[in-house]
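**Student:** Protein chains in written order, with the working numbering: chain H, -13 to 230; chain P, -13 to 230.
A few of these clues could be false.
Identical copies go unnamed one by one, so any copy, or any two together, can satisfy a pair.
[Claimed, not checked] Here are the simulated EDC-like pairs of lysine to aspartate or glutamate, each with C-alpha atoms no more than 16 Å apart in a straight line:
hint	residue 1	residue 2
1	K160	D148
2	K211	E180
3	K64	D128
4	K64	D35
5	K186	E93
6	K209	D177
7	K64	E44
8	K17	D128
9	K172	D198
10	K155	E165
11	K144	E93
12	K15	D2
13	K9	D95
14	K210	E180
Simulated from the structure, these hints should not be mistaken for laboratory data.
There are 2 protein chains.
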Amino acid sequence: MKFIQKLVSFNSKKDDKFYNELKNIIGFKPKSLEYYQVAFTHRSAKKVDEKGNPINYERLEFLGDAMLGAVIASYLYKKVPSGNEGYLTQMRSKVVSREHLNELGKELDLLQFIESNVSSTKFGENVHGNIFEALIGAIYLDRGYKYCHKFISKRVIKPHVDIPKLEGKITSYKSLLIEWCQKQKKQFKFDVYEDTGNDKLKHFSVKLYVDDKLVSKGRATSKKKAEEIASKRAYYAFRKQMKK
Amino acid sequence: MKFIQKLVSFNSKKDDKFYNELKNIIGFKPKSLEYYQVAFTHRSAKKVDEKGNPINYERLEFLGDAMLGAVIASYLYKKVPSGNEGYLTQMRSKVVSREHLNELGKELDLLQFIESNVSSTKFGENVHGNIFEALIGAIYLDRGYKYCHKFISKRVIKPHVDIPKLEGKITSYKSLLIEWCQKQKKQFKFDVYEDTGNDKLKHFSVKLYVDDKLVSKGRATSKKKAEEIASKRAYYAFRKQMKK
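Could you build the full structure based on these sequences and the hints that come with them?
**Tutor:** Structure, rendered in structure tokens:
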């Protein structure tokens, strides 16, 4: 894709900033920034290559969607040996739902990089998920399948893929924990505070106390999510104890 | 997948034969035969692992389908820079159509390896494509994405993915060639003969003469396919000449 180098008009200072922020998001060094620049180019920017082909993230979306599907398929196949074909298909569609992809794109604040000629209010909700997919496509072209796998593990699977929750067996770890505390006649307390730190987005931290003892912590972009994370951790810690 | 080793009941002589034939089909050495044995196990064989999970090719079909989708997406993305998202999606569905996958499975005679408790007449047409997908899934587990890519290039893309034909611009190279010969007032002749050689399946070879000069050859499992291959080669050879 040499032709793109001539066309994208990033200057080197802007490039440095883009490189560093991108590295933080993807979790490794990008080799060719060009691919990522395409992933953040909206069709309204009206870029074309030397043959007149449009340059924007839409083709990369197609590629990223395919890579995401493959990585999630491989994860579920290995993780759930008891799941048949229908189960695996259903679980995958929950992970790669438009809604979920939009959340992922928003969480990483990918819109900050977009190059377009329309106001960002005009994009609609799906732009977040679309750029998220395009970013995966760019990672594939830049570093290959293995790095797609790495990125998706870090940003999708580890923080968000929770099999019992996807199966609908557990709709909320917080309610599960509360139920358990009530049965066990234990007191619980969620201590929530703002903890944005160096992040651009507002973050919240929570400390979960059971019978006045700190049992777990959580941190996320919303209070609800942070509580859910802390509850899940506490739930698994208690389950371990209960088995002893 | 250690558990499978205990369960599959292949003896070593059978294993050797399986290993060698499999190697020919996939084009490289398999590392763990167990995965491939699952790819050829029909649900009617009623195998289970030590936890009672069924062992058959259905889960691998899901995995292979995802890998095939990713590899074809990557091929089309790079091959057709002018194709937009809709075009790429459409072209991919043509390549991975059930009908096409069944042809691929038949061509490789994958059914010869199947382990089942029903007569092979009861499988239905889709079994060929299903095992073909499962084989791709097994390759992924055994050797990773790169080898999936290798196998799909060798068995799907190189012999079968013909972009102008998929686009419907060219429905038959034979008719295109005939048309061209008539315009150019040239005589043509297809010389077809059976040429099975060492293959298990019947094969045909064809020599294509234009004005009594041999211009191209083709070989395939049907007369029609062999003629199509020879016509395509002749067509591209003449196109080159015409440009000079």
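**Student:** If a hint holds in the structure, say so; if it doesn't, say that too.
**Tutor:** These are the hints, each one checked on the structure:
In this homomeric assembly, K160 and D148 come within 16 Å of each other (Cα to Cα) only inside a single copy, at 14 Å, whereas the closest approach across copies is 55 Å. For the homomeric pair K211 and E180, the shortest alpha-carbon distance inside one copy (13 Å) is at most 16 Å, but the shortest distance between copies (68 Å) is not. For the homomeric pair K64 and D128, the shortest alpha-carbon distance between copies (13 Å) is at most 16 Å, but the shortest distance inside one copy (26 Å) is not. For the homomeric pair K64 and D35, the shortest alpha-carbon distance between copies (14 Å) is at most 16 Å, but the shortest distance inside one copy (41 Å) is not.
In this homomeric assembly, K186 and E93 come within 16 Å of each other (Cα to Cα) only inside a single copy, at 10 Å, whereas the closest approach across copies is 56 Å. For a Cα distance limit of 16 Å, the shortest separation of K209 from D177 inside one copy, 10 Å, qualifies, whereas the shortest one across copies, 76 Å, does not. In this homomeric assembly, K64 and E44 come within 16 Å of each other (Cα to Cα) only across copies, at 14 Å, whereas the closest approach inside a single copy is 31 Å. Proximity of K17 and D128 under a CA criterion of 16 Å is satisfied intra-copy only: 6 Å inside one chain copy versus 29 Å between copies.
In the homo-oligomer, the alpha carbons of K172 and D198 lie at most 16 Å apart inside one protomer (10 Å), although the nearest pairing across protomers, at 95 Å, exceeds that limit. For the identical chains of this complex, K155 and E165 are intra-copy neighbours only, at 15 Å inside a copy versus 64 Å across copies, given an alpha-carbon limit of 16 Å. When the C-alpha separation of K144 and E93 is checked against a cutoff of 16 Å, the pair qualifies only within one copy, where the shortest distance is 14 Å, while the shortest distance between copies is 41 Å. For a Cα distance limit of 16 Å, the shortest separation of K15 from D2 inside one copy, 12 Å, qualifies, whereas the shortest one across copies, 45 Å, does not.
Taking CA atoms no more than 16 Å apart as the test, K9 paired with D95 passes inside one copy only; the shortest distance there is 14 Å, against 47 Å between copies. Taking the closest pair of Cα atoms, K210 and E180 come within 16 Å of each other only inside a single copy of the chain (12 Å); across copies the shortest separation is 71 Å, beyond that limit.
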